[in-house]
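Residue numbers (the working numbering), protein chains in the order written: chain E, 8 to 253; chain D, 8 to 253.
Bear in mind the hints are in silico, worked out from the structure with no lab data behind them. The structure presented is a predicted model; accordingly, all values stated were derived computationally and were not measured. A few of these clues could be false.
Any copy, or any two copies together, can satisfy a pair, since identical chains are not distinguished.
Said to hold, decoys possible - Think about it this way: if two alpha-carbon atoms lie no more than 25 Å apart in a straight line, the pair counts; the simulated DSS-like pairs of lysine-lysine are: (1) Lys51 with Lys109; (2) Lys38 with Lys231; (3) Lys231 with Lys109; (4) Lys154 with Lys51; (5) Lys109 with Lys24.
Number of protein chains: 2
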Amino acid sequence: MLSKAQNKHIRSLTQQKFRNEYRQFVAEGHKIALEWLQSTWPLKTIVATENWIAMHRPDIQRHPEAELITASEVEIAAVSSLQSPGQVLVVASIPDAPAIVKGVPWYIALDGIQDPGNMGTIIRIADWFGITDLVCSPGCVDVYNPKVVQSAMGGHLRVRIHHGELTSLLPSLNLPLYAAVLGGTDVYEVGRPASGVLVIGNESRGISPEVIDLATHRVTIPRKGGAESLNAGVSAGILCALMVPR
Amino acid sequence: MLSKAQNKHIRSLTQQKFRNEYRQFVAEGHKIALEWLQSTWPLKTIVATENWIAMHRPDIQRHPEAELITASEVEIAAVSSLQSPGQVLVVASIPDAPAIVKGVPWYIALDGIQDPGNMGTIIRIADWFGITDLVCSPGCVDVYNPKVVQSAMGGHLRVRIHHGELTSLLPSLNLPLYAAVLGGTDVYEVGRPASGVLVIGNESRGISPEVIDLATHRVTIPRKGGAESLNAGVSAGILCALMVPR
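Excised from the complex, chain E in its bound form (with noise of 0.2 Å):
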């Protein structure tokens, strides 16, 4: 059963702010509470069904180190931010700043993004094209977001997510950086370089100028139609699919 102050402790993570104090975040439903389970990342409560926990068993008992707490549906339902509330949902700890790697090829930065669909999209997108390391600029949602962690599907469990100012942390890398913009390089003739930098700007804004100045190039997906733009999380998809080596 979920005491009152569980209850209460674990809605309050659905808020950057209480996420920030705890450094923790929730992971819920089947699939990605399970993605956690199945992972070694640091878990602090798990919240689960009898019957879920009945059948979870080896998953649960790779996680020592947490809590587990038996629940109904109802209430696991009424701490979800979720539309179908599952049987299960983690409360897993905000990892310290991951270490900048040398020799990592490709890297996705986001300068901005809002939209806590599109930054669990992008995640994902990382996390297909096996783009270990993305940075976000300190405008960009809260990676712990629950849209954000919905949306990434378990990318958090194998992209590093690095946090700084653009217009330090780039230059550092030494990397070629590829700006996605409109009107650039068609990036048909950019090729698959071996190594860089993915620039994605803001939902609306785009890339902030003084980031648009360190790009060493500028690229953009040739439009046939009469859209004036595409999402951000698509257009990341595309650059990843045309420019990173396959």
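Chain E is fixed; fit chain D onto it per the hints.
Below, chain D without anything else, positioned relative to chain E:
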């Protein structure tokens, strides 16, 4: 001023039941409402602040068929489904089903796309890549859902949207069918066929077996990392970028 009845009517259009009954939907916010105003799409009502009307007289005058209502931002916010309501919304007519036009080289067909953000994103992708025709199965989310209209960014104005059972509609197009699946042929081996139908499946179940059976090709975006799958909108974008003639 918005009357009580007008307020109620506009709010009712957030529900598919009432959109179907009145054959009307809402397009709102400066950018999107303006796209509709600058088109020949039949409008029922234009609701805007005095200020906004003064700034956009020529666009409003293109639509003598529409009733113009001056309203305050507070009144607009009261009927808006946006998080940050704007100074304008239009109530537009839902058009009759478009005819299938001969000679269209490329279609996108959606088999049960449920997420409004994905649906809107895919309409925007079709619009970007110059794909003029989209086919939706009966299991798809309503394309006039407010979130779809928002994320399609005016794509409805340039993309014909057909509805029907894919098992009867797709064979009648007489084009090669490329089903986006996991574990199919590497899309890079498929090249850029002159014509075809790209079939995208439901977010969790994928393409239904009856539709898969019709496919002449099963195509897959090659994966390098650990993610199990890509988001449906992102997959559609990548496949269009890789398959549709440039």
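What are the numbers of the hints that this structure violates, sorted from low to high?
1 and 5
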